[in-house]
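**Student:** Chains as they are written, first to last, in the working numbering: chain A, 1 to 315; chain B, 1 to 308.
In case anyone wonders, no lab produced these hints; they're calculated from the structure.
Keep in mind that the hints are not guaranteed to be accurate.
To be verified - To give an idea of the chain B side of the interface with chain A (calculated C-beta under 10 angstroms), a few residues:
1. Ile-47
2. Ile-54
3. Leu-60
4. Trp-74
5. Ala-119
6. Tyr-124
7. Val-140
8. Met-146
9. Val-147
10. Ile-158
11. Ala-180
12. Phe-239
13. Lys-262
14. Leu-299
From a predicted model like this one, the values you see are computed outputs, not experimental measurements.
Backbone N, C-alpha and C fix where the C-beta goes; we use that ideal spot for every residue, glycine too.
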Amino acid sequence: MTLAASKAPDRVATSAVTRSSPAMRARRRRGHALFALFAFPNLLLIAVFAYWPIIQNMYLSLTSWDFISPEPFFVGWANYSALLSSESFLAVLRTTVVWVVVVVGISLVLGVLLAALFSMKLRGTTAVTGMVFAPHVISGAAIGAVWLFIFDPNYGLARIVFNAFGLDSPSWTTDAHWALIALLIVSIWKGVGFVAIVYLAAMQGLPSEVLEAARLDGATGFEVFTRIILPLLSPTTFFLVITQTIAAFQAFDLIAVMTGGGPASSTTTLSWFIYDQAFQRSNVGYSAAAGTIMFVVLMIITALQFRFVEKKVHY
Amino acid sequence: MAAMTNVLPAEATQAPGEEAAGSPRRAARRQRRGGLSRRWWGYLLLIAAGLAFILPLYVLVTTAFKSNADIYTWPMKWLPSELTWDNLVQAWELAPFGAFITNSVVVTAVGATVKVVLAVFTAYAFAFLPFPRKNLLFLVMLGALMVPGHVTLLVNYITIGNMGLINTYAGLILPGVASAFGTFLLRQHFLSLPSEVFEAAEVDGAGHLRKLFSFALPMSIPAIATVGLIAVIDEWNSFVWPLIITNSVNMRTLPIGLMYLKANDGLTSWGVLMSGTLIVVLPMLLVFLFAQRFIVTGLTGAAAGNGR
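Isolated chain A, as found in the complex (with noise of 0.2 angstroms):
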């Protein structure tokens, strides 16, 4: 290597004149060859564990199997025709549509509010930024746990709230209609700080000159929150709105430690039954079929980014 890089300022020179001198071409075999040794091993390790997944889990999906048979036995698209004439499989896109929407929707809701709050630079401000951040950083399983404890109804946290309005504390995690509000509690709780800071950034970017123009035309601070700010971050909101709902379509460990998609399948959405049908109940080509269709959903929605993201949204 040392050898080709010492013919350097020959090179400058020549690659003027012929741009294929054999010692060129020598050279750049070389960085080829080096190309493929650096590169290689990463874009191999993807090709096996992100695209070959992708296709082979749609032929997985026209086939029955239950891990142990030699081979998956082909059956076309009955897997797909059973799952969606199957009340219960209807009965997990519901849930995961109401997981999807409310934890999205509130997530931005709250997050756009928090980062308005920040943004007024209060004494203290850095420190409740860090500890609204800090559930993102932390297992989604132990944040599970606490909540599990916060939940109790007779020794947790939340009974606080409820005895203060001169009420019990329902069993929140074995009772089928308060599970699915537990878990989307928590998975808001976890996630609403990322949206803070992710619009924090976006509003301390903002162009100052609009804002102080609008308040000395004599808008109130809220007539500039709705009016100027809000419509500024559209591209922002874009952008949280595609990832938290991919985000939100996969959500699984909060699932898996407080509820197991229980009681009664109220907390089953779509990962949850990928998880359940496949590793669980070795329902292979169930499991893929739901795996293909979570995968279709979720290429629109990323279509439907490069669409506006182009477009840039502004209103």
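With chain A's structure known, arrange chain B on it following the hints.
**Tutor:** Leaving out everything else, chain B in the frame of chain A:
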């Protein structure tokens, strides 16, 4: 997105340079801020937000060291009447926490190191080495960021099974080390370095390995720290993959071990479960405290990346 990754909240919340420059402007702004009552509301909301996020942590830490008499009583005891290690001892007896910790540390250390090394070499290749259709290859690599990880679980499990690696460290680590986001971040960074430095190095006869290790790397420490810290957090908190790829208690990592502890005894014994939880939470909380800057920068950018 690129613009967003560059904003550090530490700067954002304090905005030192900008404010110091024009202190008369600051005074004017304060006047316009709508007086005392608005600031009071602001402080009230700030405290409420802080409490909503610090109280669960407080409950976690205190419960881990409370005696059962203090835990199972109502109204809630905010301050423990005595501190005890009993919960921690009992957690250790109920579940092999020593093994969980070893597994988590090995998987995190090896996984994050390999991921960073792969990202550095791939990024250098894409930034400085020639290859036919390199840009197309780069786009294909970036496409991996859009693949939802949850959809790959089933086939990756089968692949690792075919390789005979189920319930091994290699099986735990391998699918997670592929790096697309880290590679992207570092490539962008390498390309932003002053090209004169590399030209001078070339004139001095430096080969690519020397350019990488003596020039590119030392000038990229913050970017590499960011990629590394995100990898550490991802590996430590990783849940669904370790759950499916390990099947004996002694191979479980900490987050899965927590579920095992809960299944064994946790639901009736909050003190034990909280002490186990504290072991899972504490390392990342410390990492966060000391490296918040890098982590926030990286994570806001990595959001699009599905953890790859």
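**Student:** Does each hint fit the structure? Answer for all of them.
**Tutor:** Structure-based check of each hint:
For B:Ile-47, the interface hint holds, the least distance from its beta-carbon to any beta-carbon of chain A being 8 angstroms, beneath 10 angstroms. The criterion of a C-beta within 10 angstroms of any C-beta in chain A is met by B:Ile-54, whose closest approach is roughly 5 angstroms, and the hint holds. Evaluation of the B:Leu-60 hint against chain A yields a held restraint, the C-beta minimum of about 5 angstroms falling below 10 angstroms. Hint on B:Trp-74 holds. Least Cβ distance to chain A is approximately 6 angstroms, under the 10 angstroms limit.
With 10 angstroms as the threshold, the beta carbon of B:Ala-119 comes within range of chain A, its nearest partner Cβ sitting at about 7 angstroms, so the hint holds. With a cut of 10 angstroms, the hint placing B:Tyr-124 at the interface with chain A holds, because the nearest CB-to-CB distance is about 6 angstroms. Hint status for B:Val-140: holds, given a least beta-carbon distance of 8 angstroms to chain A, under 10 angstroms. At its closest, the beta carbon of B:Met-146 sits 5 angstroms from a beta carbon of chain A; the interface hint therefore holds under the 10 angstroms criterion.
Below 10 angstroms, beta-carbon pairs count as interface contacts, and B:Val-147 has one with chain A at about 5 angstroms; its hint therefore holds. The interface hint given for B:Ile-158 is met, as the beta carbon of that residue sits about 8 angstroms from the closest beta carbon of chain A, less than 10 angstroms. Using the Cβ-Cβ criterion of 10 angstroms, the hint placing B:Ala-180 at the interface with chain A is satisfied: the shortest such distance is roughly 6 angstroms. With a least beta-carbon distance of about 4 angstroms to chain A, the hint placing B:Phe-239 at the interface is held under the 10 angstroms criterion.
Among the interface hints, the one on B:Lys-262 holds; its C-beta lies about 7 angstroms from the nearest C-beta in chain A, closer than the 10 angstroms criterion. Below 10 angstroms, beta-carbon pairs count as interface contacts, and B:Leu-299 has one with chain A at about 7 angstroms; its hint therefore holds.
When each numbered hint is compared with the structure, no violation occurs for any of them.
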